[in-house]
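Please build the complex by placing chain Z on the supplied structure of chain G, with the hints as guidance.
Protein sequences, first through last, are from chains G and Z.
Those letters in the first sequence? Residues 1 to 238, per my numbering, in order.
Those letters in the second sequence? Residues 1 to 234, per my numbering, in order.
Possibly wrong hints are sitting among the right ones.
[To be verified] Within a straight-line C-alpha distance of at most 30 Å, the following computed DSS-like cross-link-like pairs (lysine-lysine) qualify:
| # | chain 1 | residue 1 | chain 2 | residue 2 |
| --- | --- | --- | --- | --- |
| 1 | Z | K141 | G | K16 |
| 2 | G | K112 | Z | K142 |
| 3 | G | K112 | Z | K141 |
[What the hints assert, rightly or not] FRET-style restraints, in silico, Cβ to Cβ:
| # | chain 1 | residue 1 | chain 2 | residue 2 | range |
| --- | --- | --- | --- | --- | --- |
| 4 | Z | I4 | G | S134 | 51 to 57 Å |
| 5 | G | R196 | Z | R153 | 44 to 50 Å |
| 6 | G | R106 | Z | R54 | 28 to 34 Å |
Treat the hints as calculated values from the structure; they're not laboratory data.
Given the structure is predicted, the values throughout are model-derived calculations rather than measurements.
Heads up, the beta-carbon is just placed ideally off N, CA and C, and yes, glycines get one too.
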Amino acid sequence: MVTLKAGLTLTAALVKRRQKTILGPIDLALAASGFTIVLGPNGAGKTTLLKVLHGIERLSAGSVTWPITEPLVRQQQAFVFQSPIMLRRSVWANLAYPLQLLGRPRAEIAQKVDDWAGRIGLETALNRQAPRLSAGEKQKLTLARALIRQPQTLFLDEPCANLDGRSTREIETLLRNAFDNGTRIIMATHDLGQARRLATDVVFLLNGQLQDQGLAPRIFNAPGTPQSQAFFAGEIVE
Amino acid sequence: MNDIWAGLEAAFWLIVTLNTDLLEITLRSLQVSLTALVIASLIALPLGTWLAIRRFRYRRATIAGLNALMGLPPVVVGLIVYLLLSRSGPLGVLGLLFTPTAMIIAQVIIITPLIASITHQAIRELWADYHDLLISLNTTKKQRIMTLIWDARRTLLTASLAGFGRAIGEVGAIMIVGGNIDHATRVLTTAIALETSKGDFALALGLGFVLIALALAVNFTIHALSRTERDSTW
Numbered sequence: 001m002v003t004l005k006a007g008l009t010l011t012a013a014l015v016k017r018r019q020k021t022i023l024g025p026i027d028l029a030l031a032a033s034g035f036t037i038v039l040g041p042n043g044a045g046k047t048t049l050l051k052v053l054h055g056i057e058r059l060s061a062g063s064v065t066w067p068i069t070e071p072l073v074r075q076q077q078a079f080v081f082q083s084p085i086m087l088r089r090s091v092w093a094n095l096a097y098p099l100q101l102l103g104r105p106r107a108e109i110a111q112k113v114d115d116w117a118g119r120i121g122l123e124t125a126l127n128r129q130a131p132r133l134s135a136g137e138k139q140k141l142t143l144a145r146a147l148i149r150q151p152q153t154l155f156l157d158e159p160c161a162n163l164d165g166r167s168t169r170e171i172e173t174l175l176r177n178a179f180d181n182g183t184r185i186i187m188a189t190h191d192l193g194q195a196r197r198l199a200t201d202v203v204f205l206l207n208g209q210l211q212d213q214g215l216a217p218r219i220f221n222a223p224g225t226p227q228s229q230a231f232f233a234g235e236i237v238e
Numbered sequence: 001m002n003d004i005w006a007g008l009e010a011a012f013w014l015i016v017t018l019n020t021d022l023l024e025i026t027l028r029s030l031q032v033s034l035t036a037l038v039i040a041s042l043i044a045l046p047l048g049t050w051l052a053i054r055r056f057r058y059r060r061a062t063i064a065g066l067n068a069l070m071g072l073p074p075v076v077v078g079l080i081v082y083l084l085l086s087r088s089g090p091l092g093v094l095g096l097l098f099t100p101t102a103m104i105i106a107q108v109i110i111i112t113p114l115i116a117s118i119t120h121q122a123i124r125e126l127w128a129d130y131h132d133l134l135i136s137l138n139t140t141k142k143q144r145i146m147t148l149i150w151d152a153r154r155t156l157l158t159a160s161l162a163g164f165g166r167a168i169g170e171v172g173a174i175m176i177v178g179g180n181i182d183h184a185t186r187v188l189t190t191a192i193a194l195e196t197s198k199g200d201f202a203l204a205l206g207l208g209f210v211l212i213a214l215a216l217a218v219n220f221t222i223h224a225l226s227r228t229e230r231d232s233t234w
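The shape of chain G in the complex, shown without the other chains (with noise of 0.2 Å):
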């Protein structure tokens, strides 16, 4: 269910990386809850709007707002990267690592990595070593890790790209539950069937430029604009 009230808020949002524009200005309201699906080709400037959002990409010009406090942002936020990063350790420390960090009493960490453990099929590789797991455990792990915190707002960058039909299920499977449960996702995808089945709105964006924006039947049923349009019509759009 998509409320109104924004929750994160660009303003003229710009970022440069050496003289080259790779995101904006643009403005944008997302709202406080939902599953927004963050759409575009390759250097459309996906990843790098996740990232402002997240806190974790500096502006070169304009505002981001968060419905937070600043200090806050990124403890009540999750971040799932494109290329799983794994910490060199067993996937029970994996789990455990974000918890630990919060100072969370040993007991209730050993609690919440066995559920989670469990949840993504992981509970009997817990003392494996997480580097060595498969592209699909590995993803299902850091979304796992990311989960285990309960963030307020998770973000994910094209969580599924590599992965089989069978992982991208669990994972879908995974977020829905999360979104379920209250947890707002703003997600980086190309795939448009994934962003069919997942999104409660949509971000379309095209060379570092917001083309459009909206409720996700609107955007897949009658995209704003041209480049929106031929977007969805499954034509390559540069």
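Just chain Z now, with coordinates in the frame of chain G:
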């Protein structure tokens, strides 16, 4: 070839008879080199980590300087430490010249750049892998450093062992600052140099084999204790 067999035989008898002189200089070698290793590691591991994750103005020049210091000639280090600790030197009042402490100081100076440089390289690569995750998780600087050191611990162990190897086999600097005094500052390497100069090649070779065995034993022991190369670990 005869000298090598004689050396092996000498080493065998020195060990099986538990030669007291051999025991003494072996223990002194271990004491000096392990103490130098601990002190150098305490300096070099945080220094290398700090250089890997911290950005500052002369960072590249500092790293280049550190790498260059890996090639410090031990004899020159010995000479400088000698001049500092000699009676007329600025630290002469401490009376450390020709003591094991002077030898430890020289070895710390020699091996610290080596350990710091390998640490920097290992942590830099790990930091490149972990950067986005650790920033995303809102970690403090202390948490980042602890995470990086812990996850790179086996590479850092290798760095420390490289430092130990250089320290235990070092002869130039400790000969100058230690003086190779019998029952005071004589260690395996200086004893080998002395026996070679006396022409007792068999004993010198025997001591050499003991030195090699000692270095291997320390390496194997540390690897065994740190459980490296096991299937489930790094």
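Hints, verified against the model:
no., hint, in the structure
1, Z:K141 / G:K16, "holds (27 Å)"
2, G:K112 / Z:K142, "holds (25 Å)"
3, G:K112 / Z:K141, "holds (26 Å)"
4, Z:I4 / G:S134: 51 to 57 Å, "holds (53 Å)"
5, G:R196 / Z:R153: 44 to 50 Å, "holds (47 Å)"
6, G:R106 / Z:R54: 28 to 34 Å, "holds (32 Å)"
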